[in-house]
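Residues per chain are reported as follows:
Number of protein chains: 4
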Amino acid sequence: MKPTHHAFHLASRAHQAENTVISLGPMNIGTKDLTVIAGPCAVESEEQIRVLARAVSRAGAHVLRGGLFKPRTSPYSFQGLGMEGLDMFVQAARDNNLLTVTEVLDPEHIEALYERVDILQVGSRNMQNFPLLKQLGTLDKPILLKRGLSATIEELLSAAEYILLGGNTKVILCERGIRTFQNDLRFTPDISAIPVIHRLSHLPVILDPSHSAGDRDAVLPISRAAVAAGADGIMVEVHPHPDQALSDGEQSLDPAAFTRLITDIHAVANAIGRRVTS
Amino acid sequence: MKPTHHAFHLASRAHQAENTVISLGPMNIGTKDLTVIAGPCAVESEEQIRVLARAVSRAGAHVLRGGLFKPRTSPYSFQGLGMEGLDMFVQAARDNNLLTVTEVLDPEHIEALYERVDILQVGSRNMQNFPLLKQLGTLDKPILLKRGLSATIEELLSAAEYILLGGNTKVILCERGIRTFQNDLRFTPDISAIPVIHRLSHLPVILDPSHSAGDRDAVLPISRAAVAAGADGIMVEVHPHPDQALSDGEQSLDPAAFTRLITDIHAVANAIGRRVTS
Amino acid sequence: MKPTHHAFHLASRAHQAENTVISLGPMNIGTKDLTVIAGPCAVESEEQIRVLARAVSRAGAHVLRGGLFKPRTSPYSFQGLGMEGLDMFVQAARDNNLLTVTEVLDPEHIEALYERVDILQVGSRNMQNFPLLKQLGTLDKPILLKRGLSATIEELLSAAEYILLGGNTKVILCERGIRTFQNDLRFTPDISAIPVIHRLSHLPVILDPSHSAGDRDAVLPISRAAVAAGADGIMVEVHPHPDQALSDGEQSLDPAAFTRLITDIHAVANAIGRRVTS
Amino acid sequence: MKPTHHAFHLASRAHQAENTVISLGPMNIGTKDLTVIAGPCAVESEEQIRVLARAVSRAGAHVLRGGLFKPRTSPYSFQGLGMEGLDMFVQAARDNNLLTVTEVLDPEHIEALYERVDILQVGSRNMQNFPLLKQLGTLDKPILLKRGLSATIEELLSAAEYILLGGNTKVILCERGIRTFQNDLRFTPDISAIPVIHRLSHLPVILDPSHSAGDRDAVLPISRAAVAAGADGIMVEVHPHPDQALSDGEQSLDPAAFTRLITDIHAVANAIGRRVTS
Chain Z
1 MKPTHHAFHL
11 ASRAHQAENT
21 VISLGPMNIG
31 TKDLTVIAGP
41 CAVESEEQIR
51 VLARAVSRAG
61 AHVLRGGLFK
71 PRTSPYSFQG
81 LGMEGLDMFV
91 QAARDNNLLT
101 VTEVLDPEHI
111 EALYERVDIL
121 QVGSRNMQNF
131 PLLKQLGTLD
141 KPILLKRGLS
151 ATIEELLSAA
161 EYILLGGNTK
171 VILCERGIRT
181 FQNDLRFTPD
191 ISAIPVIHRL
201 SHLPVILDPS
211 HSAGDRDAVL
221 PISRAAVAAG
231 ADGIMVEVHP
241 HPDQALSDGE
251 QSLDPAAFTR
261 LITDIHAVAN
271 AIGRRVTS
Chain B
1 MKPTHHAFHL
11 ASRAHQAENT
21 VISLGPMNIG
31 TKDLTVIAGP
41 CAVESEEQIR
51 VLARAVSRAG
61 AHVLRGGLFK
71 PRTSPYSFQG
81 LGMEGLDMFV
91 QAARDNNLLT
101 VTEVLDPEHI
111 EALYERVDIL
121 QVGSRNMQNF
131 PLLKQLGTLD
141 KPILLKRGLS
151 ATIEELLSAA
161 EYILLGGNTK
171 VILCERGIRT
181 FQNDLRFTPD
191 ISAIPVIHRL
201 SHLPVILDPS
211 HSAGDRDAVL
221 PISRAAVAAG
231 ADGIMVEVHP
241 HPDQALSDGE
251 QSLDPAAFTR
261 LITDIHAVAN
271 AIGRRVTS
Chain A
1 MKPTHHAFHL
11 ASRAHQAENT
21 VISLGPMNIG
31 TKDLTVIAGP
41 CAVESEEQIR
51 VLARAVSRAG
61 AHVLRGGLFK
71 PRTSPYSFQG
81 LGMEGLDMFV
91 QAARDNNLLT
101 VTEVLDPEHI
111 EALYERVDIL
121 QVGSRNMQNF
131 PLLKQLGTLD
141 KPILLKRGLS
151 ATIEELLSAA
161 EYILLGGNTK
171 VILCERGIRT
181 FQNDLRFTPD
191 ISAIPVIHRL
201 SHLPVILDPS
211 HSAGDRDAVL
221 PISRAAVAAG
231 ADGIMVEVHP
241 HPDQALSDGE
251 QSLDPAAFTR
261 LITDIHAVAN
271 AIGRRVTS
Chain E
1 MKPTHHAFHL
11 ASRAHQAENT
21 VISLGPMNIG
31 TKDLTVIAGP
41 CAVESEEQIR
51 VLARAVSRAG
61 AHVLRGGLFK
71 PRTSPYSFQG
81 LGMEGLDMFV
91 QAARDNNLLT
101 VTEVLDPEHI
111 EALYERVDIL
121 QVGSRNMQNF
131 PLLKQLGTLD
141 KPILLKRGLS
151 ATIEELLSAA
161 EYILLGGNTK
171 VILCERGIRT
181 FQNDLRFTPD
191 ISAIPVIHRL
201 SHLPVILDPS
211 HSAGDRDAVL
221 PISRAAVAAG
231 ADGIMVEVHP
241 HPDQALSDGE
251 QSLDPAAFTR
261 LITDIHAVAN
271 AIGRRVTS
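Protein chains in written order, with the working numbering: chain Z, 1 to 278; chain B, 1 to 278; chain A, 1 to 278; chain E, 1 to 278.
Hints are computed from structural coordinates only; laboratory data are not their basis. Hints may be right or wrong, so weigh each one.
To be verified - Calculated cross-link-like contacts (lysine-lysine; reagent style DSS-like; alpha-carbon spacing at most 27 Å):
| no. | chain 1 | residue 1 | chain 2 | residue 2 |
| --- | --- | --- | --- | --- |
| 1 | E | Lys-141 | E | Lys-32 |
| 2 | A | Lys-134 | E | Lys-32 |
| 3 | A | Lys-32 | A | Lys-141 |
| 4 | Z | Lys-134 | Z | Lys-32 |
| 5 | Z | Lys-134 | B | Lys-134 |
Everything numeric in this text was worked out from a predicted model, so none of it was measured.
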């Protein structure tokens with residue numbers, strides 16, 4: 001499989017040598033600061049998101065994640081609260097001085113989410129949903145673009161290029177595990193993608209240890225490894241009662257475990273010369 | 001990775017023992033008939049599509065394929081003629097008694113394409129574009145659903161379930177190569193997926209040897225293998241001048257090679273008790 | 001991963017344009033003849049191998065396979081009868097006019113096996129056991145070289161080169177499934193490797209549908225597909241009572257199913273201009 | 001692919017809850033100590049290995065690596081100095097207070113290497129060379145067992161079981177990258193295998209960033225990530241003049257870069273509570 005040359009240009013280091021920095025509230029992603037995004041897979045109830053927002057904020061997270069529209073393999077799985085969850089999500093974040101990120105599945109929802117949410121996420125399954133990428137390229141809003149399960153880094157950067165070409169320069173890349181033959185964890189976190197992306201592109205890149213592993217016990221070592229490899233941040237699933245979660249419970253940390261994780265990654269971040277603000 | 005039980009139900013053999021048969025013009029897919037879909041990767045000009053439609057019809061194809069909206073990894077690659085190509089595409093097919101199939105990339109185009117085209121295609125990159133699948137589930141029109149590059153068969157059938165749940169029972173599955181470590185061909189055609197799908201589901205399944213291989217010379221042996229393995233049809237890229245094609249030229253057959261392919265797959269089809277009409 | 005140039009030379013079509021033909025008894029592999037190898041995963045008893053040899057001979061096989069030394073992932077699995085099984089294996093074949101093939105695991109066994117067996121097999125796990133390959137290169141005896149689980153075709157041909165360099169020109173390649181993400185079958189049979197190998201090399205290539213699939217029901221369609229794709233032969237596991245087999249029972253055919261398979265592949269072989277002798 | 005239950009037992013945490021500790025000179029692998037192995041891919045000359053041994057010893061390595069017998073994909077690539085390199089290798093290590101590790105390719109060499117070398121390595125291609133594993137199981141000598149390119153962790157631990165069953169309890173596991181679709185680096189370092197192995201087994205595990213990546217620039221971040229993920233050590237290729245190396249030059253560090261790497265991994269090790277002795 002020969003790489004097509006010039007598949008991306010605006011996303012390349014050749015085009016822009018210095019890092020893209022995206023500053024938003026306390027977050028300065030693309031600098032030495034480490035950004036921490038945390039929250040539940042899906043917003044499930046006002047109580048759940050309120051409790052969690054307080055817990056992750058206290059532990060040191062900067063951004064609250066929470067799915068409203070959940071892309072699920074099976075149509076019989078919980079699909080998220082949809083727009084009904086938006087108010088409770090935004091309010092919980094605001095009450096705890098957190099920024100917000102949520103996934104956009106449908107171009108029809110962009111307008112409503114644009115008004116209320118700080119960062120819009122494109123999920124793995126939509127990494128090459130080109131009409132969606134083109135619409136997001138017209139916004140003045142950071143986009144968190146997750147790598148597809150079997151996307152090469154060239155394909156990820158080419159997907160970012162669709163957004164950049166529209167004029168939106170605020171793209172945050174996210175590694176979330178690739179599909180390989182190994183069967184002990186749900187996916188294989190491609191931690192080595194971090195230095196490769198930093199070499200090829202000026203865009204910031206974070207890692208999602210929760211989806212990468214699909215296994216709670218692996219989240220801590222993978223998070224430490226991602227920071228040690230140079231990730232600009234991590235995005236972690238946390239749930240007040242992981243065993244009762246409506247989705248992804250097996251990979252969610254409880255707030256106590258998340259607090260320990262923060263301590264650990266701060267230590268690793270300091271060891272390699274990164275700053276951590278909280 | 002444990003499969004979630006009951007990820008699909010309507011798509012399963014347990015739900016419906018007999019094959020789903022989709023009859024449309026001369027095509028009775030799901031029976032012993034072998035369906036042949038052929039045409040260019042992209043509609044490029046009135047001349048190109050007219051010449052090709054005549055050639056593939058003479059060779060024995062039943063359905064004309066032709067991309068209007070091309071999902072391309074790079075935004076700098078040819079993106080297709082869009083709606084401007086629709087008239088020439090439909091006219092060329094009609095003049096040669098061919099049915100039509102084209103890919104829907106954007107939900108906004110469904111309405112216009114629904115009126116004019118016989119089969120709507122969902123591409124690999126959109127296999128889990130759930131809003132798109134849900135809309136196509138409300139139509140009374142056959143849907144050709146391509147397997148994602150790294151989708152398991154369970155995920156493919158769960159994607160079909162999103163369409164079936166909406167009431168549209170006319171889903172044709174399409175294997176188009178999976179992403180593996182092997183690097184001699186562009187993808188690895190998963191020919192063994194055909195018997196596995198037939199065991200798990202009543203839906204018809206065809207194979208696309210052109211995208212599977214990304215290599216013209218491999219199209220003939222892969223097509224024969226697919227038919228021998230029990231595929232209900234094949235979908236082949238043909239171009240009047242493959243070396244001048246605006247996309248996918250390296251995997252396109254010229255009309256003469258396509259004619260030889262038809263002869264070969266007829267022989268194999270007959271050997272295993274399938275009928276071929278032309 | 002850039003291919004190293006000139007990794008193999010003697011194995012290439014550039015070096016030898018015409019097919020290597022290996023003639024042995026009724027077998028003329030490398031010509032239009034289709035070679036059928038069949039037998040149990042492991043030789044288990046005199047009774048078992050005698051019954052099987054008769055059955056596969058009647059059905060039309062040319063070569064009897066049977067493992068004496070079994071390479072097993074776990075040291076607690078049945079490891080084969082070893083040299084104790086050799087006499088019964090050879091006698092059963094001779095009584096039924098069959099050639100013999102068995103795997104060499106240990107260089108120490110080469111001498112004893114060389115005297116009694118017609119074809120020596122190198123298993124997947126040993127494809128790059130270079131001391132073993134070098135020793136086999138000094139023999140005047142056909143070698144059946146199985147592709148490693150994750151070997152590229154270049155690596156397979158380079159492994160063959162180690163044998164050819166020693167002076168032994170009688171190498172038969174064998175595709176036996178590659179390791180990918182798909183999880184419905186044990187491995188993914190890389191049927192498209194057959195035309196790729198035929199393009200790059202003059203060596204004959206067969207396919208093992210039993211190990212490729214690890215699933216009895218898939219053996220028939222995969223065998224038909226392999227023949228349709230141009231394989232020079234197939235190697236199939238057959239057991240008198242698959243459910244009682246000491247190894248690989250789930251992928252073994254019983255003699256009746258094997259007889260039906262032979263009928264089917266003869267039909268496909270004839271359809272594409274191959275000869276079948278029995 | 002269903003895992004066979006009880007494929008390994010002696011290697012499991014269920015069998016032995018506390019870590020296996022292997023103490024040899026300054027190395028106490030399996031404790032909080034971090035072990036550093038470094039040296040050239042292949043021993044090339046007395047001058048080369050002498051210069052390198054001094055450099056890696058000064059930088060803080062504990063063990064000198066150096067290949068005498070090189071398993072190479074192509075028979076036309078440099079195959080190592082063989083036994084001729086043994087004296088110079090051992091002398092260079094001794095002069096610099098380093099332990100030694102080298103790969104055993106052929107059972108015939110075990111006796112000679114056993115006398116002179118501290119740790120015997122089994123390479124990826126031989127992970128399931130069962131006769132070799134069985135022989136190494138009879139020795140009283142640490143074995144460094146590298147994971148195969150596409151081996152699952154269960155297969156790796158089952159391979160270790162072959163050694164343990166012979167009575168040799170001193171097995172060090174080594175992750176060295178797995179084969180996946182990603183094509184920016186030569187292999188995908190499976191850093192998440194480290195916590196998985198630690199959960200399933202009491203055996204120590206190290207990571208080889210050089211073969212994992214096949215790319216000099218990625219060695220530093222991958223090494224930091226491995227240590228952060230809990231690896232008991234790393235094994236790094238270093239060459240005095242990487243661009244002139246007879247093998248693997250593209251992934252070798254020069255001594256200055258190796259010294260910087262040591263500084264970095266010491267910082268990460270300290271951050272997570274590991275000790276580093278030098």
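Consistency of the hints with the structure:
Restraint check: the Cα-Cα separation between Lys-141 (chain E) and Lys-32 (chain E) comes to about 22 Å, which is no more than 27 Å; the hinted pair holds. The suggested pairing of Lys-134 (chain A) with Lys-32 (chain E) is violated, with an alpha-carbon distance near 43 Å, which exceeds 27 Å. The suggested pairing of Lys-32 (chain A) with Lys-141 (chain A) holds, with an alpha-carbon distance near 22 Å, which does not exceed 27 Å. With a C-alpha separation of about 30 Å, the suggested pair Lys-134 (chain Z) and Lys-32 (chain Z) falls outside the 27 Å cut-off, and the hint is violated.
In summary, the hint linking Lys-134 (chain Z) to Lys-134 (chain B) is supported, as the alpha carbons are separated by about 21 Å, within the 27 Å threshold.
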